[in-house]
Amino acid sequence: MIFAKLFYEFLKIGLFTIGGGMATIPFLQDLSESTGWFSIAFIADMVAISESTPGPIGINMATYVGYNVAGILGGIIATLGLVIPSIIIVSVVSGYLERFRNSPLVEYVFYGLRPAVTGLIAAAGVEIVRIAVLDNELYKATNNLRDLLDWRKALYFVIIFYLIRRFKRHPVAYIGLSAIIGIAFGFAN
Amino acid sequence: MRELWEIFVSFFKMSSVTFGGGYAMLPILQREIVDGKKWMTEERIIDYYAVSQGLPGIIAVNVAIFIGKERKGIAGGIAGALGIVGPCLFIITFIAAFLSNFQDNPLVRNAFAGIAVCVSALILNSVIGLWKKGVVDKTGIAVFAIVFIGMMATGLSPIVLIVASAIFGIVSRKIAGGGSR
Chain A
185 MIFAKLFYEF
195 LKIGLFTIGG
205 GMATIPFLQD
215 LSESTGWFSI
225 AFIADMVAIS
235 ESTPGPIGIN
245 MATYVGYNVA
255 GILGGIIATL
265 GLVIPSIIIV
275 SVVSGYLERF
285 RNSPLVEYVF
295 YGLRPAVTGL
305 IAAAGVEIVR
315 IAVLDNELYK
325 ATNNLRDLLD
335 WRKALYFVII
345 FYLIRRFKRH
355 PVAYIGLSAI
365 IGIAFGFAN
Chain B
35 MRELWEIFVS
45 FFKMSSVTFG
55 GGYAMLPILQ
65 REIVDGKKWM
75 TEERIIDYYA
85 VSQGLPGIIA
95 VNVAIFIGKE
105 RKGIAGGIAG
115 ALGIVGPCLF
125 IITFIAAFLS
135 NFQDNPLVRN
145 AFAGIAVCVS
155 ALILNSVIGL
165 WKKGVVDKTG
175 IAVFAIVFIG
185 MMATGLSPIV
195 LIVASAIFGI
205 VSRKIAGGGS
215 R
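Chains A and B are the protein sequences, given in the same order.
Numbering-wise (this note's numbering), the first sequence opens with residue 185 and increments by one.
Numbering-wise (this note's numbering), the second sequence opens with residue 35 and increments by one.
Hints listed in this document are in silico derivations from the structure and should not be mistaken for laboratory results.
Some clues are possibly wrong.
[Unchecked claim] Below, a list of computed lysine-lysine pairs in the DSSO-like style, where the Cα atoms sit at most 30 angstroms apart:
1) A:K196 x B:K106
2) B:K106 x A:K352
3) B:K106 x B:K47
4) B:K47 x B:K72
5) B:K172 x B:K208
6) B:K72 x B:K106
7) B:K208 x B:K167
8) B:K166 x B:K106
9) B:K166 x A:K189
10) A:K196 x B:K72
11) B:K208 x A:K352
12) B:K71 x B:K47
13) B:K71 x B:K106
14) B:K71 x A:K196
15) A:K196 x B:K167
16) B:K47 x A:K196
[Claimed, not checked] A few chain A residues that face chain B, going by a derived Cβ cut-off under 8 angstroms, partial list only:
17) A188
18) T201
19) S223
20) Y251
21) A254
22) L304
23) A306
24) F345
25) I367
Built from N, CA and C at the ideal position, the CB exists for glycine as well.
Isolated chain A (complex conformation):
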């Protein structure tokens, strides 16, 4: 049943996502590949919407996926699945707060975990860049390597990346600007 599957998949994500909103992206990529519920391109849309609306990014993405897979109830079930592990884990840890904070074991775990999470998000990012910046369809049609790179998008990638690094504004500002650029230059064509 779709609701049970949705709940189970997001329960797993809630149990293993460490490091905030962006850390859910590799899991969503895995989910896209294993279930076919949505495409990798859809993940980029989802990140943008989640960043541009109130509420934590991870929760927004769960609601968005759930809704698209199984309607309003799907959105609720995916979101609850994501949150339930937190309720259990935090309830347990809150009794041992000091011990948890000062535990060398936790520190050891993170010694391995931090670079791993960075690697996971980087790998998922490569997939998203490939879909956002490269023109796979034209390349498939012509088989000409020069058609693979959409130079307008590649140039814009460099510009927007520079702006993000330079001005450190809230992501919404860059997302809004990019929507206008996309429309002005007909990026979907």
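Given the coordinates of chain A, assemble chain B onto it according to the supplied hints.
Same frame as chain A, now just chain B:
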């Protein structure tokens, strides 16, 4: 019951005005929980943040559960979590329903094609941020490379890679620490 409702409403309000979650919520929590309701000190909230980052799940949700639980036990924790989640359910459902009717609209398609480029750059930016904080030595670079290649080249689930790297962290540190002790 009244206090549970109060916890729920508080977090519902805070979630509605926080764009992005995580640390974006800290100043808002401070205003609502520390200055407004006077439920706890700022230091306490910062402690909860620090621990929440080290736990699985969404950071803002974890913090809400910690605060709710301190006020009213597990029921308070659940009220806090539901408060955070509430606005997302409304807003995202509304947007998703709206967009599913307009996804073939050329304006929407062009806008999202532009946005996808931006999201790629945002992800690269957060990878750089995480790299600076988390990849501190040669071992870190090796773990990053192995996980990166593992995720790109094999169909391995991120769960497997996360569990393996956590175990690796314990084992490698234990060995490193064992020699000096």
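Structure-based check of all given hints:
1. Between K196 (chain A) and K106 (chain B) the alpha-carbon distance is near 27 angstroms, which keeps this suggested pair within the 30 angstroms criterion.
2. Distance hint between K106 (chain B) and K352 (chain A) is unfulfilled; the C-alpha atoms sit about 38 angstroms from each other, more than 30 angstroms.
3. A distance of roughly 19 angstroms separates the Cα atoms of K106 (chain B) and K47 (chain B); the hinted pair therefore holds under the 30 angstroms criterion.
4. Note on K47 (chain B) and K72 (chain B): the hinted pairing holds, with a Cα-Cα distance of about 16 angstroms set against a maximum of 30 angstroms.
5. At roughly 17 angstroms between alpha-carbon atoms, K172 (chain B) and K208 (chain B) fall within 30 angstroms of each other, so this suggested pair holds.
6. Distance hint between K72 (chain B) and K106 (chain B) is fulfilled; the C-alpha atoms sit about 15 angstroms from each other, no more than 30 angstroms.
7. Proximity of K208 (chain B) to K167 (chain B) is assessed by CA-CA distance (about 22 angstroms); at most 30 angstroms being required, the pair is judged to hold.
8. Taking the CA atoms of K166 (chain B) and K106 (chain B), the gap is near 39 angstroms; set against the 30 angstroms cutoff, the hint is violated.
9. Straight-line distance between C-alpha atoms of K166 (chain B) and K189 (chain A) comes to about 37 angstroms, which puts the hinted pair past the 30 angstroms bound.
10. In summary, the hint linking K196 (chain A) to K72 (chain B) is not supported, as the alpha carbons are separated by about 36 angstroms, beyond the 30 angstroms threshold.
11. Between K208 (chain B) and K352 (chain A) the alpha-carbon distance is near 39 angstroms, which puts this suggested pair outside the 30 angstroms criterion.
12. For the proposed pair K71 (chain B) and K47 (chain B), the alpha carbon gap of about 13 angstroms is at most 30 angstroms, so the pair holds.
13. In summary, the hint linking K71 (chain B) to K106 (chain B) is supported, as the alpha carbons are separated by about 14 angstroms, within the 30 angstroms threshold.
14. A hinted pair counts as satisfied when its Cα atoms are at most 30 angstroms apart, and K71 (chain B) with K196 (chain A) does not qualify at roughly 35 angstroms.
15. Taken as a hint, the K196 (chain A) and K167 (chain B) pair is honoured in the structure, with Cα atoms around 26 angstroms apart against an allowance of 30 angstroms.
16. For the hint linking K47 (chain B) to K196 (chain A), the alpha-carbon distance of about 28 angstroms falls within 30 angstroms, and the restraint holds.
17. At about 19 angstroms, the closest approach between the beta carbon of A188 (chain A) and any beta carbon in chain B exceeds 8 angstroms, and the interface hint on this residue is violated.
18. For T201 (chain A), the suggested interface contact is upheld, since its CB lies about 6 angstroms from the closest CB of chain B, less than 8 angstroms.
19. For S223 (chain A), the interface hint is violated, since its Cβ never comes within 8 angstroms of a Cβ in chain B; the closest pair sits about 12 angstroms apart.
20. For Y251 (chain A), the interface hint holds, since its Cβ comes within 8 angstroms of a Cβ in chain B; the closest pair sits about 4 angstroms apart.
21. The beta carbon of A254 (chain A) is not positioned within 8 angstroms of any beta carbon in chain B (closest approach about 12 angstroms), and the interface hint is therefore violated.
22. Against a cut-off of 8 angstroms between C-beta atoms, the interface hint on L304 (chain A) holds, since the closest Cβ of chain B lies about 5 angstroms away.
23. Interface hint status for A306 (chain A): upheld, as the beta-carbon distance to the closest one in chain B is roughly 5 angstroms, under 8 angstroms.
24. The interface hint given for F345 (chain A) is met, as the beta carbon of that residue sits about 4 angstroms from the closest beta carbon of chain B, less than 8 angstroms.
25. Hint status for I367 (chain A): holds, given a least beta-carbon distance of 5 angstroms to chain B, under 8 angstroms.
In summary, the structure is inconsistent with hints 2, 8, 9, 10, 11, 14, 17, 19 and 21 from the numbered list given earlier, while agreeing with the others.
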